[in-house]
Amino acid sequence: MKTDELLINMGPVHPSTHGVLRFKLTMDGEIIRNCEIVMGYLHRGTEKLGEMKTYMQFVPYTDRLDYISAFPNNYAYVKAVEELAGIEVPLRAEYIRVLTLELNRIVNHLVMIGSLLLDLGASTMIMYGFRERENALALFDMLCGARMTFNYIKPGGVREDMPEGFIPKLNEFINDMDMRIDDYEQLVSGNEIFMGRMKNIGVMSAQDAINYGMTGPSLRGHGVNYDIRKMEPYSVYPDLDFKACMRRECDSFARYMVRIDEMRESLHILKQVVDQMPQGKAETHAKYGIAPMTGAPTAVSTYFPRIFTPPPGEVYSRIEAPKGELGFYIVSDGTIKPYRIKIRSPSFCNLTAIPKMVEGLMIPDLIAAFGTIDVVLGDVDR
Amino acid sequence: MTWISKNWTMVGIIKGLILTMKHILRIGNRPTVTVQYPYQKMKVSPRYRGLHAVDENACIGCGICEVNCPNATIQIVKYKAKWYPQVNIGMCLFCGLCVDVCPMNAMKMTGNYELADYTRESLVYGPDRLLFNKEVKQ
Amino acid sequence: MNPAEEIKQLFPDSVVSVGQQIKKPLAIIKKEGLLEVAQKVKEMGFDNLSVITGIDYGDRFEVVYNFFSYVKKQNLVLKVVLGHENPEVASLASIWKVADWLERETYDLVGIKFRGHPNLKRILLPEGWMGHPLRKDYDMNVDQFVTIGEDGEDIVSTDGSNLLRR
Amino acid sequence: MWTGDIMFANAYELIVFILNFIGIYEPINNIFKTLGIEYVLRIIIVFIEIAVLLVFALLTIMFLTWMERKVVAMVQARYGPMVTGPRGLLQPVMDGIKLIGKEDIIPAKADRWVFTLAPFLVFIPALLIFIPLPFGESLIISDLKVGLLYLIAISALSPIAILLAGWSSNNKYSLMGAMRAVAQDISYTIPLALSAIAIVLFTGSLSTVDIVTAQNGTWFGFIPKWFIFLQPLGFILFLIASIAEMGRIPFDFQESEQELVAGFFTEYSGIKFAMFFLAEYAHLFSVSAIVVTLFLGGWSFPILPYLPAVLVPLVSFVVFLVKTYAVIFFAMWLRHTVPRVRIDQLLNLGWKIMIPLALLNLLVTGFLLTVGVFK
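Residue numbers (the working numbering), protein chains in the order written: chain V, 779 to 1160; chain R, 5 to 142; chain C, 1492 to 1657; chain X, 82 to 456.
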């Protein structure tokens, strides 16, 4: 009997591609023989835009790369600029930054687990995830006046200090989350159908995973004990006690469990940050072009020369974003605008591994493996 | 095959069923959290970055906000014999840079987030809709 | 020892100069020697190719490779300087699989060709796009319209006529 | 007091009895008799039955869509529909209006006739299943002697319609969805039938009424004589198979939204889509009703013998509905708790586990009956 291969275009508009991504699948019945990824449907030319904005003006655009977790984007860019210009940051500002980063990590993993389970057909987890995410977004709203696109972390500090009553609210959230994560585990982790769908699916050796450029929690599910927060400590992470969560199974379930562990670890970090939060000033220094919001208005003339220009040079700076290694490569020519900005986005590089990972699996497994890689299309296409 | 023969008791599924039943019966701090939007509104924080507002007395029309806007949203226009910013909400990122750079602290952002409208022209908020008069407290 | 110095000792002919890019050792490589240097770099334990960047300086192109070693916890930056006319450099896709897409992206946006790449096509922009946007001489005043054709191919035009369906 | 006997063989006789009771049956019958067309009256009464059944079925389907939304909302800490009508009860009406108002799209390269035929072919069997269902004491359209066989045969019709829909859409997702649906239906009808046969061993009859009456009464005065207690394994197998038969998560392969967009009805819109939707919920109700009839005692309940005979049809109807909705609630509750299994896991489960277990169950039941344990 003669059989033919079936070409299926999964996407650009498909319920489980998390946006506009297209898989060109060559199928043998239900088995994937070849997977080619077509992207770029959300390409907005952020890197080109960066060449046309000043250093300050580009910060809000970084929010829109990975819109699920915008604080790490802010921070990665700002860290690169600070390294380039050698700016000192007040300690309190660094603590607030770490607070936002870890809170955003929890938010990101909630969305990731929720959408993963939604792709597998369990519609409930995403609602629970969004319920807790809503509380976190309210905290972000309190902190910086926006719920998803923050523009909060600026070169030299943060936009504003924490408002009154933020820490009690945060403590409430942390205490609540402890119980909620147990709930998620009860609902999801032990579920036999879930394990049947995730275990031994999307297996890739650690060697391959590194070679394919996987980073972050996805890589740590492959038994690579690596975390940029530990290996190249930045901000105040050296002062905090935490561990890089790691699993050795190399399959989708391990990648999922790393996320659950990381949420617990982030809560642990948040507790320490709240305890160790120093007093002092957190706003960006006025000389970097941004005046603090509060304070009496002063004469106009003193504001004009405050356009921030870093010295000429190149820097590649990276952080451990919730999705993996997020890096900004900035070339400065000493003018007010960057000469070139290159964004090394974690989603883009993690996605490289998918075609190899899903060869010989079925469409449902592709969805499971793709969900655990955790990509955001705004980050892939930039 | 292995997945079912190892876990034939289906304890995990039963645990999950118990958890969802707890939610159905609202046991132990698992309340309904929906905010029914048009009837109920969420409270936004005092720092919320919504529609702009410009202090009529403080604004000097210097144009720093115009220069600093990343998306060329703001234009300085003449109104009542003075110069004031005009904001095109359709292009606005709500990043708050204009508020940050205002030397006179005249620019504010309010908690108004219901900005949908029928035409593109009505998204351009001229000074007549942005200005507010701050009472002089003395 | 500084890995950039190490490379200079091993390949004195290929390395133009050795320096420092903020906190990270940097080696500027001749484009002919890139492949063998890269092979050595992989053997030295730099298993993570973080990023490939192409920069248009008007008179020349620079291709920058950032490496990180999970074993040694070290950074290394390699840089290749190319002429402005027809920039071409050896592909590293055979050594690091992630280079496949990163090089395609660099080709797409900066227009640097990678010799020996298995599948050098545009990745973010549609096939048939005119120009490479991240070059400094890219004309941004030309509008380009993209539609999807009958068989799923992207069709690019500058006058928008393909937006109209028959 | 109700003696435990069936008063009327089917709803037709009940209607005749009620008309007699009011005193209008004889006069009307005489009119038709003088005209020589008695059969017209019979036809009219049958049409009344069908109309009542249709209205009941459509109301049930509407209520089920509302209930589904409310249950999922309760599980997910939400309110569900709240705006149209009290607690959103009129939401299904609004859905219907919306779906009727939508454009009826037939894809250019679809097989037009088959494409149009398929939704009706799905919907009609879903209604036909209602015929031998015993809704209550005397409340049955037709007490077929082969009722159980009829039920299984009719529910095996839907794969054909699904395959037609998937094939005629000329869409790869539709085709794959249809293929999956057929593979699933075939592999789950077998354990379904096998575990139903174990019941037939007890009753010795395929009639649904006989199956229900066999479950009347109690053991030791408090345990109802439901077959779930005699056939626990059979019940579990039948429940799993019937959830698969309904096509709901964890076994919703005909749709599997996140994999195949919407499965076999990807290309359907408007009223044709509504047909599939209604058929799905009709199926949900009827399959739950079959579960109740076979294993949970149907309309029988230990309090029935203590009621006056007049009330028994009504009370037994309520009992039947309560039991059916309990099963439906379980299906909904399960749907929103667990993820979907993979298609090969599903087929493995069906062929390698459920069919051997069902056969074993049949064997053990037959052996025990022969030895005489249950007598």
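Check the hints yourself; a few may be wrong.
[Claimed, not checked] The list that follows gives simulated cross-link-like pairs (lysine-lysine, DSS-like), each with its CA atoms no further than 30 Å apart: (1) K1612/C - K1563/C; (2) K1627/C - K831/V; (3) K1521/C - K1588/C; (4) K1115/V - K1514/C; (5) K1021/V - K1588/C.
[Claimed, not checked] Covered stretches of chain V, going by a simulated chain R footprint (3 or more residues, C-beta under 8 Å): (6) 799-812; (7) 956-966.
Calculated from the structure, these hints are not laboratory results. All figures in this text were calculated on a predicted structure; none of them were measured in a lab. All C-beta atoms in this analysis are idealised placements derived from N, C-alpha and C, irrespective of residue type, glycine included.
*Broken hints, numbered, in rising order?*
When the structure is compared with the hints, numbers 1 and 6 turn out to be violated.
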